[in-house]
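> Here are the chains, one letter per residue:
Protein chains: 2
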Amino acid sequence: MNLKNDLILRAARGENIERYPVWLMRQAGRILPEYRTVRASLSGFKELVETPEKAAEVTVQPVDLLGVDAAIIFSDILVVPEAMGLEYQMVESKGPYFEKTIKTEDDLKYAEFNFDVEDRLSYVLEAIRITNKELNGRVPLIGFAGAPWTILCYMIEGQGSKTFSKARKILYQNPTLAHDLLNRITEVTIQYLKAQVKAGAHMLQVFDSWAGILGTEQYAEFGLKYLDRIAREVNEVPLTLFSKGAFTSVEAIARLDCNTVGVDWNMDIATIRKNIGETRTLQGNLDPCALYASHAEVERLTNNMLNSFSSKRHIVNLGHGVYPDIDPEKVRTFIQTVKNYELK
Amino acid sequence: MNLKNDLILRAARGENIERYPVWLMRQAGRILPEYRTVRASLSGFKELVETPEKAAEVTVQPVDLLGVDAAIIFSDILVVPEAMGLEYQMVESKGPYFEKTIKTEDDLKYAEFNFDVEDRLSYVLEAIRITNKELNGRVPLIGFAGAPWTILCYMIEGQGSKTFSKARKILYQNPTLAHDLLNRITEVTIQYLKAQVKAGAHMLQVFDSWAGILGTEQYAEFGLKYLDRIAREVNEVPLTLFSKGAFTSVEAIARLDCNTVGVDWNMDIATIRKNIGETRTLQGNLDPCALYASHAEVERLTNNMLNSFSSKRHIVNLGHGVYPDIDPEKVRTFIQTVKNYELK
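Heads up: the protein sequence lines correspond to chains W and Z, in order. The first sequence: position 320 = 319 (numbering that gives the first Met the number 0), numbered continuously. The second sequence: position 175 = 174 (numbering that gives the first Met the number 0), numbered continuously.
By construction, these hints were calculated from the structure, which means they are not laboratory data. Wrong hints could be hidden among the right ones.
[Said to hold, decoys possible] Going by beta-carbon spacing under 10 angstroms, a handful of chain W positions derived as facing chain Z:
#, residue
1, Gly157
2, Gly159
3, Ser164
4, Arg167
5, Tyr171
6, Thr175
7, Ala251
8, Leu255
9, Asp267
10, Tyr291
11, Ser293
12, Val297
All C-beta atoms, glycine included, are put in the ideal place defined by N, C-alpha and C.
This is chain W alone, in the form it adopts within the complex (with noise of 0.2 angstroms):
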């Protein structure tokens, strides 16, 4: 199917662009009431990713009700998890919890890696295939998958945590076994960022949210190593790497074999394109608590953003997902402001 609008394709793959491709990390959420009517219609968030007709109704509500340029699959990073055996709760205002988690090598009876990726996640594959239908070409849907390090954070923490000091005391005590673990993840993970290629992603986004947590070599050898071996092995479509609060690694995210890198709103986009030079596309990076100020505000800090901007390889983002409750007229201003803005 051609696409109408493929303006963050070519962003990503730094071909000319008309204007900036603008979407929002949790477009597909709570900020739209749409939204939290189909999931008050269900019994809660978990069945909301696994039904794939609704999951697809919210993918396709922001392109419809906000304008952006792309739709990213409603879904979770902890479907993978799951799908290896350690079932989660989503627990209201708290967030995910596992019963069973892997500290030891003999926690591993609780998990396994081999299995039919696509059967077991077909949910997400039908809901991709969904939504492509109902996008009708629109607009690329945005496929995605949690990094390893994040997803091996969750399997050994079991939930969030401030510090993920167990997951990280691992690293210390038995880095045989976490190697063990992110080969395994990482094996898994790609099986599945392809098979979402195949179901009608025309874009991936691999999200390492706990990248931040470690020291700058800890993160090449537990994350990177496993971010290159999904760059290097899935290349179907343009992939965005997004490792969040990794400040000192981001010049080395960006040698890796990706498109486009995810900028934190606390990181500075000019300093970075002068040190990583015009080989990615940087998307981001607007602080999503902006959205907090009024309209003439929003217009303003989007704008001063573009102007920092010194190239076209960028698509524009928040530096984190919006919040819960910001006032999705406000995303409209940013979203406008982003479209009116005159590429030079």
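Given the structure of chain W, go ahead and fit chain Z onto it with the hints provided.
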């Protein structure tokens, strides 16, 4: 009283030292069984903080039991907002919780800012006096306070947060209120730090635990501006500024009128040294999780860190507070490795 060991003060001032001084953030605390015994004899964390004899007792413990080169008064940064009228509870395994928070000008009625700091926080000052008597000049005593930005975060949010989006929202929606509060907090903090020196603190540290959630420009406006005032006005004893996660602001912090800059474990000491030159002492920065490793590995990792120092302007510490489940024997290995290290 003459100090028998003033190594840390000389290191802070950039004077000559025979070996690197070493202490640990949170050294007085749950890692020591002797601390847990004292704690168990009381109703909870707050009673310990508010009972000068007991606070002094646990402050001295790591000097006796671990052989650190400095004591740090056992207290909490939240005694300051509490002195302002915002009482907090320390909820087991969850952290602090404030019933009353400040989100609008109207909420200012919950707090007062003109009060006798020495009177209201007399229990901390008394603990400092008792500690010094018990230390009898063995090592210097460090006093501390939270940075205005971090205290503001707690006053607005009322508890910890992953995003501190309520606090950051106010920076966009009502910067005037934010600055007003930051000014008032700064005033009280300066009085409090000076009172600690008068009571006997030989050195001071200001903790900006939530520095890292602000972008560079916002941290300059809402964080550094107030640290600058503290650094200029509090100059009786050496001052350490520790802005956790402020990757892009380290050079700006080093330009403030402080002696020592605290360094996170995921920052690179060699890079920071290159950027700031020999103008300031650096404090840090072993990964607290490194103490989960074997004794031999703790020794190796500690020596690696020490080898990365290119000058004598260093105070050795972890890059964050020691985790409560760390084996005290590992802490002793860390400390002994630093003490054995031959300074060139």
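> Are the hints correct? Go through all of them and say.
Taking the hints in turn, this is what the structure says about them:
1. The closest approach between the C-beta of Gly157 (chain W) and any C-beta of chain Z is roughly 15 angstroms, which is over the 10 angstroms cut-off, so the hint fails.
2. Because the closest C-beta pair between Gly159 (chain W) and chain Z is about 7 angstroms apart, less than 10 angstroms, the hint holds.
3. A least Cβ separation of about 5 angstroms between Ser164 (chain W) and chain Z falls short of the 10 angstroms threshold, and the interface hint therefore holds.
4. The criterion of a C-beta within 10 angstroms of any C-beta in chain Z is met by Arg167 (chain W), whose closest approach is roughly 4 angstroms, and the hint holds.
5. The interface hint given for Tyr171 (chain W) holds, since its Cβ lies 4 angstroms from the closest Cβ of chain Z, which is under the 10 angstroms cut-off.
6. With a cut of 10 angstroms, the hint placing Thr175 (chain W) at the interface with chain Z is violated, because the nearest CB-to-CB distance is about 14 angstroms.
7. At its closest, the beta carbon of Ala251 (chain W) sits 13 angstroms from a beta carbon of chain Z; the interface hint therefore is violated under the 10 angstroms criterion.
8. Below 10 angstroms, beta-carbon pairs count as interface contacts, and Leu255 (chain W) has none with chain Z, the closest being about 20 angstroms; its hint is therefore violated.
9. The interface hint given for Asp267 (chain W) is met, as the beta carbon of that residue sits about 6 angstroms from the closest beta carbon of chain Z, less than 10 angstroms.
10. The beta carbon of Tyr291 (chain W) comes within 4 angstroms of a beta carbon in chain Z, closer than 10 angstroms, and the hint placing it at the interface holds.
11. The interface hint given for Ser293 (chain W) holds, since its Cβ lies 8 angstroms from the closest Cβ of chain Z, which is under the 10 angstroms cut-off.
12. For Val297 (chain W), the shortest C-beta to C-beta distance to chain Z is roughly 9 angstroms, which falls under 10 angstroms, so the interface hint holds.
Violated hints for the displayed structure, listed by number in ascending order: 1, 6, 7 and 8.
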